[in-house]
Every structure is written in C-alpha cells, then in structure tokens.
Amino acid sequence: MSDLPVGVQWRPFGGRQRLATRGDPVYGEPVDAEGWRVWDTNRSKVGALLEKHGDPGFEPNSGVLYLGAATGTSVSHLADMGLLVYAVELAAYAAGALLEVSESRPRLFPIIADARQPAGYAGTVEADLSWLIQDVASADQAQIATANRRFLADDGMSIIFIKARSIDATASPATVFADVEARLEDTYEITARVAMDRTHEDHRAVIAKVR
Amino acid sequence: MDGEGPVPWYATDGYGDSTEQRGAMPQRWPAMAVASGVSDSVDEYYDELHSHLRSQLRTEVREVSEAEDVELLRTERLLQAIEAAVGDVSDRCDDLAPPDGMEAPPAYTVGRAAEAALHDHTEGLRELIDHLTRRVSPNLRAIAGPRLSAQLIEEAGGLQRLARKPSGTVQVLGAESALFAHLQGRGTSPKHGVIYTHPAVRHASQADRGTVARVLAGKLSIAARIDYYRGSPDEEFIADVRRRLREVRR
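Line by line, the protein sequences give chains A and B. Heads up: the first sequence is residues 74 to 284, going by the numbering used here. Heads up: the second sequence is residues 65 to 314, going by the numbering used here.
I should point out that these hints are in silico values taken from the structure, not numbers from a laboratory. Heads up, a few of these hints could be off.
Partial pick of chain B residues on the chain A-facing surface, computed with a CB cut under 10 Å [unchecked claim]:
#1 71
#2 101
#3 120
#4 121
#5 176
The following label-pair restraints were derived from C-beta to C-beta distances [said to hold, decoys possible]:
#6 194/B with 190/A: 30 to 36 Å
#7 270/A with 76/B: 37 to 43 Å
#8 219/A with 185/B: 44 to 50 Å
The C-beta atom is built at its ideal place from N, Cα and C for all residues, glycine as well.
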C-alpha cells in the first residue's frame, strides 16, 4: 500500500483495512469508535485513485475546485482531510444532498452551476487554487478542463477522470483517451495515467500539471 | 481585453456576475474582501461564503421539489384515472362473460385485452411515483411508502400545502365527505382518510385504530415539513417514527 495524504488512514473495518477520514458520516458508511468513517472507494473515484495510485500530493489547507461533485461523497472526504473545496454540480437534484454534506464542513462550498460555463462561478470561486478535480460525464471533457484552468495557480495540478463511453460509445476507448489527452496538451502536461476499472478499458484518471 | 472583470458574489444575490465577454477571470476573492473591508478576516470571509452558498442551495432544493411535486401529483391523478378505468372495463367485461362452456363474444376478448394493457400501464406509473417520491418527499416516502405519499400530496394539492396542514387535517385527508356529514350532525367524526391504507392503521384493532391514525398523522405532517423545508432524508427521525409505530401497534 502506498503513501496517503494527511487526514486519510487505513483503518480496520469488519476485519479488513479500508480507507477512512474523520468527519460526520454522510451516506450510511461505517464509523469506528474514534470517529473515522469508511471512504467507500466504489462510490468515490478520488478514493479509488488513492487506493490505486497513492497520494497525488494533497496538502492540508490547499484549495480544490471539484467539478461534478454529484451528491458529495468525494468532496466530503476531501473536506475531512482539511482541504478547502469548491464543489460544483450541475444537477439541481443533488442540492439536497450537498446541503447535508456541507452542514458540518465549514470549508466545503457547494455550487449548483454548469462546469462548461466557468464564467457563471468566477465571481464565487477564488483564483490560484492548487487542484482541479474533474469527474463529469460529458462529451467535452477536455474543453471543460481547459476552460477551468483559470482557477488554478501556475503550479496547480489537475486530476481528470475520463470516461470513454461518455465521450464516444462507438470509438475504441484507447482512441478516445488519446484524443482527450491530445486536446489537454496545450494547457496541461500529463504526469501520470491510472486505470480506474478492472479491465483498464473504459475509465482512466489523468494527473497533469499546468503548463 | 479584461473589460470590467467579474463582480464578486458578495456584491450580488447569487454567485456573482461575470460573462466571458466582459471578463470572467476569477480573483483572489478572500484577500479582496478583507482589503475592501467586506470581511474582517479570511476566516470570516470563508464562513460568510459557506453560509451564503448554503442558503443559495436551500432555494435550489425548494425550486426542484416545487416543480416535481406538481408532476408527482399529476402522475398520481393519472394513475387513479387509469385504475378507475381498469375497474370499469373489468365490470363491463364481466357483463359480457359467457356462461360455462359457451364461446365468448368478440367484444369480451377485446375488453379483456384492453383491461390487461391498461393494467400494465399502471405498473409503469407506480414505478414513476416510486422514483418521484424519492426526490420530492423522501421522509414521507420512508414512513408512508411511495403510493400513500403521492395520495397525500395529491389530496392536499401539493407538498407545500401538505406541509402547512395541521396533523388533524392530514388524518382525515380523503375522508372529506364523512367529515362534512359529521359537521352537519350526521354520523361520527371520521378516524382516518387515505392514511387508512397504511399498514399500521389497517392492522390496528378496531379500538386502537383512531389512536394509531392520530399518531401516524402527526408523524406524517412532520415528515412533509422536513421534505418541504429541508428536502433531504432525516434518518434519525425516520428510525424514531418506525419505532414509535411499532410501539403503538402493540
């Protein structure tokens, strides 16, 4: 098992070691006597990435823009780790869940907005953040990552979860990945690629730094 | 090229004001808010942002459930209309049913096929109601089930109206004719309306039924209020109600 960021630990739950952070439970996950709650890596791609790849370099108090926060599983754990998280989600029906998750997390900032229109939240999300984490099921994933570069500091990093089938269900995933990565190249320099599914085919995480 | 730049959230009602045309480059808002005296410290700035964004979200929650509760109410009405039609078609078919050993008239066969097709569609609508209640009224759904939740919202004329009704009214929703008869001096006051279909009421003994209905109606009105004002499931409340209903059934 590789290194973990501050605020995340392997803890025993039901006889096996699982990733955990410390905070109020939000989706019915188990909590141990010391207040650590399981980070369900089936529900959270960031959790799965930590499991597969180790710490991408998260540091406490650094700022994150998270696009595609959905009902808030991943962002709740990131906030538990002491990161400052702007959580953007398009689906208005996620608002109720994000409201719950942010209640006990004073540095988790939920925003219902369209990640394809960063102008819509440029008056809310601050500049010079350390991380852009993107998990959107959209055909223009490279374009979204490029347009949201504006929130990152010059030494900022991004993690982009690419789901091949959301982009083109007919092309081979390898072709789709190559195409998305080529379109990221102007703005980002890719430093790592992590296969996110067992077959390594459909789902990839790309870690990149700002050029 | 940078025009006027974005207006920060703290100078507007929402998420700030910016467009790609006039310039939408984010700024270091926390430092700017402190420098311009809007916040006393960066920590205070973040606390204010947090509370501002959460109140924005509360508005979103209300808007979503307001639009969807109308869809739910109309879906329930459509389901009731189709169920009534199924019953009607079935009765007319029974009229045409042939005596034993005789061949059925053609209209009978057509009628039964229509009945089966309509019945299939009620299944689809029940699934829709199941789905809609998860979003519109998760607390009510956890206590009353999807169908009864939809019926209550339909009887009340929407989630907001249901949330504002006293629990005594919720108890007799759907029993208006019996209630008005009672108020005009005919008959006893009704013990329950549509909540009769709830297992806790239906399975209560005749003597306990009024008590169970009253307790249940109280919990349902609280559930409707949580659904309307907060919008997300309150697991503690739901577990408490289930416990209370088990006690009262004994």
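Comparing the hints with the structure gives:
no.: 1; hint: 71; result: 6 Å, holds
no.: 2; hint: 101; result: 18 Å, violated
no.: 3; hint: 120; result: 7 Å, holds
no.: 4; hint: 121; result: 5 Å, holds
no.: 5; hint: 176; result: 41 Å, violated
no.: 6; hint: 194/B with 190/A: 30 to 36 Å; result: 34 Å, holds
no.: 7; hint: 270/A with 76/B: 37 to 43 Å; result: 42 Å, holds
no.: 8; hint: 219/A with 185/B: 44 to 50 Å; result: 47 Å, holds
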